[in-house]
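If you read the protein sequences in the order shown, they are chains A and B.
Residue 1 is where the first sequence starts when you use this note's numbering, and the numbers rise one by one after that.
Residue 1001 is where the second sequence starts when you use this note's numbering, and the numbers rise one by one after that.
There's no promise every hint is true.
Claimed, not checked - Estimated spans, in silico, between C-beta atoms of each pair:
{"#": "1", "chain 1": "A", "residue 1": "P184", "chain 2": "B", "residue 2": "P1109", "range": "40 to 50 Å"}
{"#": "2", "chain 1": "B", "residue 1": "A1119", "chain 2": "A", "residue 2": "R22", "range": "44 to 54 Å"}
{"#": "3", "chain 1": "A", "residue 1": "A83", "chain 2": "B", "residue 2": "D1120", "range": "26 to 36 Å"}
{"#": "4", "chain 1": "A", "residue 1": "R22", "chain 2": "B", "residue 2": "S1080", "range": "32 to 42 Å"}
{"#": "5", "chain 1": "B", "residue 1": "A1007", "chain 2": "A", "residue 2": "R22", "range": "45 to 55 Å"}
Hints listed in this document are in silico derivations from the structure and should not be mistaken for laboratory results.
Beta carbons are placed, not taken as given, at the ideal position from N, Cα and C, and that holds for glycine.
Protein chains: 2
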Amino acid sequence: MTAPTSADLLALDRAAQDLLFRAARTANTFTDEPVTDAQVAAIHDLIRYGPTAYNGQPLRVLLLRSPESRARLLPYVSSSNRAKTASAPLVAVLAADVDFHERLPELYPHRPQARDWLADRAARVEQARFSATLQIGYLIVGVRAAGLAAGPMAGFDTAGVQREFFPDGRHEVLLLLNLGHPGPHIGPTRLPRLATGEVIRTLDA
Amino acid sequence: MTAPTSADLLALDRAAQDLLFRAARTANTFTDEPVTDAQVAAIHDLIRYGPTAYNGQPLRVLLLRSPESRARLLPYVSSSNRAKTASAPLVAVLAADVDFHERLPELYPHRPQARDWLADRAARVEQARFSATLQIGYLIVGVRAAGLAAGPMAGFDTAGVQREFFPDGRHEVLLLLNLGHPGPHIGPTRLPRLATGEVIRTLDA
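Pulled out of the complex, with its shape left as it was, chain A reads as follows (with noise of 0.2 Å):
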């Protein structure tokens, strides 16, 4: 007989639990097995009902999986990033569509003129960033909800990806991740996380 711990008192199985937050780790090496295409529109199919402002959905994916695209990106990537982002499976390329207000009155069709509300760039580039981020929070949830592990990377020039991949002047790139099935991990065992009390506290009045 086990004592009750907070995993107890979640809706969500262990298991689960475990998958997408306990067990997973961020991976450094991965296996030769593939990432397919169909994997990658599983993941979105789930991931995209996360919710983000006006339902903006503005997080673009592209991936890099030809060796002529991977060596496209290697020259922008920080060395200690090198060697995993050229053998992992897959690399996306993750980045927020500043424009992506055009779409709203098919996406938000309550309140289409949400569009004119962000007819500022300034700040539809905030607002683009933000829900594109919070969609990356979602989306390495859902690469491990796969069974497959996600490395993010923030160690690159993102002003020379940027211009290689995304020229239009459209597209803010944010994150680079990896994608496979985890190998060895090298480096260090889970690093310490702060505790409840460090991160929330409650407001006496």
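Keeping the supplied structure of chain A fixed, place chain B upon it in accordance with the hints.
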């Protein structure tokens, strides 16, 4: 016999997929049933394992439960969000700790010099906002994992809330989040989502 769908390609079981994404909705009314501190701690104990840059974990959460604390918030909330903010069992103010780097020698012990890489405040604010927003994505998933509904709200006076609740100048307020058991849904049914082909493309070369 049912034809296999994309949901069958995921390792996460269908009930969990529904709980976290497919059946989950952004709640705009709530029942009176409270959200307990133990539930909040259980949610955090799950989602704190989500990855952040440098393992920095900059998200900070201020819970408003008492009528007095709620009354301090309401003047800053847009009129369309006021009723649900007043009636939600719990409201969380979600912010990024801009000085999260002070903890890096402990949270990122294999590269304690990461603290110094983040000496520049402007770069650090961007990092803090980005990682805390990822964590809000995990948090929304975690609230649903607890069997609760989340109601994220971007319509409020950010600067005002920051002055009122985080006058220390080291936090950036990002979002308000109502939490509770959902009541009857008011407003449109599930809003349309972009198709995978509109969001994800593969670079051919």
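Exercise. Does the Cβ distance between R22 of chain A and S1080 of chain B fall inside 32 to 42 Å?
Worked result: holds, 38 Å
Problem set entry | CB-CB spacing for D1120 of chain B and A83 of chain A relative to the 26 to 36 Å hint | holds, 28 Å
For this session: Just tell me: holds or violated, for the beta carbon distance of A1119 of chain B and R22 of chain A against 44 to 54 Å?
Result: Since A1119 of chain B and R22 of chain A have Cβ atoms about 33 Å apart, the given range 44 to 54 Å is violated.
Problem set entry | Distance restraint hint 40 to 50 Å, applied to the beta-carbon atoms of P184 of chain A and P1109 of chain B | violated, 21 Å
Exercise. Quick one: are A1007 of chain B and R22 of chain A within 45 to 55 Å, going by C-beta?
Worked result: Given range 45 to 55 Å: violated, Cβ gap about 23 Å.
The structure does not agree with the numbered hints 1, 2 and 5 stated previously, though it agrees with the rest.
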